[in-house]
Amino acid sequence: MLQIDRWKRILIIGLCVLGIGFAVPNMFYQRVESHNDALAEIAKTGVETPELAAARDGWPGWLPSSLVALGLDLRGGAHLLGEVRVAEVYKARMDALWPELRRALAEERATLGAIRRLPSPEGTLKIEVENADRIARAIEIVRGFSTPVTTLTGAGQQSLAIQQQGNTVTIHLSDAEKAVTDDRTVQQSVEIIRRRVDEVGTREPTIVRQGADRILIQVPGIGSAEELKSLIGTTAKLTFNSVVATGTNPDARPGVGQVILPSAEQEGVYYTLEESPVVTGEELTDAVPATDQNGMPAVDFRFNPTGARKFGAYTSANIGQPFAIVLDNKVISAPVIRQAITAGSGQISGSMDFEGANQLAVLLRAGALPAQLDFLEERTIGPELGQDSIDAGRLSSVIATAAVVAYMIASYGLFGAFASVSVILNVILILSIMSIMGATLTLPGIAGIVLTVGTAVDANVIIYERIREELRAGKRVAKAISDGFDEAMSAIIDANVTSFIAAAVMFFLGSGPVKGFAVTLTIGLVTSVFTAIFLTRLMIVWWLEWRKPKELIL
Amino acid sequence: MAFRLKLVPDNTNFNFFRWQWLTFGISAVAMAISVLLIAVMGLNFGIDFKGGTTIRTESTTAFEVGDYRDALNDLGFSDLAITEVFDPSFGADRHVAMIRIGTTDETGSVSPEQLNQIEAALHQVDPQIVFASVESVGPKVSGELIRTAFYAVGAACLGIMAYIWLRFEWQFAIGCVVALIHDVLLTVGLFSLFQLKFDLTTIAALLTTLGFSCNDTVVVFDRLRENLMKYKTRPLIDLMNLTCNETLSRTIMTAVTTAIALTAMLIFGGDVIRDFVIAMLFGVVVGCYSTIYVAKNIVLWLGVKRDWSRKDPKLAASPFENAERP
Chain H
1 MLQIDRWKRI LIIGLCVLGI GFAVPNMFYQ RVESHNDALA EIAKTGVETP ELAAARDGWP
61 GWLPSSLVAL GLDLRGGAHL LGEVRVAEVY KARMDALWPE LRRALAEERA TLGAIRRLPS
121 PEGTLKIEVE NADRIARAIE IVRGFSTPVT TLTGAGQQSL AIQQQGNTVT IHLSDAEKAV
181 TDDRTVQQSV EIIRRRVDEV GTREPTIVRQ GADRILIQVP GIGSAEELKS LIGTTAKLTF
241 NSVVATGTNP DARPGVGQVI LPSAEQEGVY YTLEESPVVT GEELTDAVPA TDQNGMPAVD
301 FRFNPTGARK FGAYTSANIG QPFAIVLDNK VISAPVIRQA ITAGSGQISG SMDFEGANQL
361 AVLLRAGALP AQLDFLEERT IGPELGQDSI DAGRLSSVIA TAAVVAYMIA SYGLFGAFAS
421 VSVILNVILI LSIMSIMGAT LTLPGIAGIV LTVGTAVDAN VIIYERIREE LRAGKRVAKA
481 ISDGFDEAMS AIIDANVTSF IAAAVMFFLG SGPVKGFAVT LTIGLVTSVF TAIFLTRLMI
541 VWWLEWRKPK ELIL
Chain Z
1001 MAFRLKLVPD NTNFNFFRWQ WLTFGISAVA MAISVLLIAV MGLNFGIDFK GGTTIRTEST
1061 TAFEVGDYRD ALNDLGFSDL AITEVFDPSF GADRHVAMIR IGTTDETGSV SPEQLNQIEA
1121 ALHQVDPQIV FASVESVGPK VSGELIRTAF YAVGAACLGI MAYIWLRFEW QFAIGCVVAL
1181 IHDVLLTVGL FSLFQLKFDL TTIAALLTTL GFSCNDTVVV FDRLRENLMK YKTRPLIDLM
1241 NLTCNETLSR TIMTAVTTAI ALTAMLIFGG DVIRDFVIAM LFGVVVGCYS TIYVAKNIVL
1301 WLGVKRDWSR KDPKLAASPF ENAERP
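Quick note, the sequences are listed as chains H and Z, same order. Residue numbering for the first sequence follows this note's numbering, starting at 1 and increasing by one per position. Residue numbering for the second sequence follows this note's numbering, starting at 1001 and increasing by one per position.
Isolated chain H, as found in the complex (with noise of 0.2 Å):
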């Protein structure tokens, strides 16, 4: 056990400065952390400010400059975990393939007789076909619309549920089209979440899906939580749906397929619309935001091919006629059309200031959210509180590790000096490992870090006393290192083995504050098993080499 090949002695000692060498920039964080969104803000935008340049020359470009992550409860921020409406999109799926199935239906109104829409739940589409005898026909109709789903659960089965019911046809999703929608309607949300949050620019916002239907979404910086539900949480469904007829009445009926909307302006005024738009946000290219002929706030928006031209048939079509700018089920402004727009352009205005014209652009331009966010858990945290957090886990960590350190040289002199170095050792390989890996720390994560100061000296007092005994039975120096080390071995694997299973528990099963501390705790097992055998031993190697002790008093 005491010999330690050269190659084996160059790796140890070159992981320990690998190690110091990655931990360094985190005793320079905001320098190495403008350095870096210097660098990031240089390549997105290919311009080079002074101020830019000088933050990037802050720190050396050859050197490491990743950073610890810190996390919320450490630098301040947001934490949001919503829950996406699945249900919705199954709603705007039956509402979008009824114009199609009534228009397929009419074409052989001569055999099927008159079809209606029955009011019906949430969701689902029920159709009355006059004819009861053609029920066959138009079932055969309906399925044309039903298209094959593919899962991993087995194939072959078909997008759409049909039912039958005397003369009436009743349709919705199949619950194997449910689940791959739900799965789509989630994936969207994040990616649209994400694209909402980068918009305004924060640095390295957490967007992750959990469990089937749900978002976490962390972003460090932010002013509030409510600061970004109101970026994130709005739906922004834009339409321009042909206006049926205006009025005041809320509850005044509205035709099958019609809706009754409130203004977004004028209170009291409803419009009743065509429930099917004419184009929507999802045909939207760009958006930006302008200023209308009065010199008010508005935004200016810019349709895809298709969506400019069936805005021009429809404007082209409609001359004199109003139609309505619909935003999140409120009527914006219901302009009359005074000549045909066929460069697929416009411009929404209406009573905003110049933030929400900004707002309202963002939003525009990242898409509609497919589905209405509830929010289960909202976190926010104040960079004060963040900062203190900080300076206690920072002092907590330094008086623990020159206590333990104080403890351990008392206990066993020039050794325990070497487990010392190993501990210190072992807090700096934390640090960079976590750096390395992009991984956050927490406050819960440094209590892991103080912890694993405690308990890293373990593996070195096993094998100490494990000497001491050797010592005592008469061992000679080198002997009883040797078998020291040698039979403390099983005892610190069972150790550390069942502590990183409590640790992989954790991190698995955990959310928030207990995956962090998880992260630590597992990390430090790792590096202290590292520094406790192989660190303190090549240490005592060299002393032995060095003074080759005829006895040692430990």
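All clues stand as given, with none of them false.
A few chain Z residues that face chain H, going by a derived Cβ cut-off under 8 Å, partial list only:
1) 1004
2) 1056
3) 1132
4) 1136
5) 1148
6) 1151
7) 1152
8) 1167
9) 1215
10) 1222
11) 1249
12) 1268
13) 1269
14) 1270
Dumping the calculated PhoX-like pairs for lysine-lysine here, alpha-carbon to alpha-carbon at most 25 Å:
15) 475(H) to 550(H)
16) 475(H) to 548(H)
17) 475(H) to 1230(Z)
18) 1232(Z) to 475(H)
Among the chain H residues that face chain Z by a calculated CB cut under 8 Å, a handful are:
19) 380
20) 392
21) 403
22) 410
23) 413
24) 461
25) 469
26) 494
27) 498
28) 499
29) 501
30) 506
31) 521
Read the hints as simulated data drawn from the structure, not as lab findings. The beta-carbon is built from N, C-alpha and C at its ideal position, and this holds for glycine as well.
Assemble the complex: chain H is given as a structure, and chain Z must be docked to it using the hints.
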């Protein structure tokens, strides 16, 4: 001779089983009291498990909890708790309060409008006030969090048990897990007794206690296994005493270093994670105790299969088989 700080002298020879019935009795009573405390007094669940909203306020001017309460009473929250946070690390001009508002309706958390009302009302009382953190958890999530927390502790116990069963014998696994349950129950009992805040971080602390306690137990078991192979015929009880004495120095040493580190955290780590550190500190003490007085006793009662060769009649018949090696 160089100075060495030794909390445990060399070559101790304690009989750890002399008062085994007393110590085990104390453990059993303590566990029963913990269960009773948890049943009667309940736990001071944080919003992670109960749902609701907590607001942490900080101000440079001193305040009366009563003033805050008066300001908020008019807003009509039924379940409102305001506590002032004292901490030695705070300066004279730092006054912190925690306001907890229980779930109000289905959605659970306080609505943004209500939050604005609260903040406005408190601003009236104290213009200096800062809202250092605001956290809301809905009841849907809190129910799930408490369930996963239970699963986590259970899964950790099972995983550890499986590993020890593989590495040692099933008796050791049972001994270790009884010790773990002992530690968890006592720590949760302590939280109930002092009504410390029980939330997700507490679960993390409990799991760490599990890891630590087990770590401790495993080191002793490891030595016991070694001794079992070394001394084939010595009574189990003697071997356990021997093992415990041999490892006592290490047990105390590690417990002390960990306690030192945690105490530093307790004093200087700030109030945000204080309850978390208390849980771990207590867990270290209890874990250390349970290693010596609970885990081994269980193994002793269950007995350990010593003679693996008995099935082989030739070996069992050998007159030298049971001879004790020095």
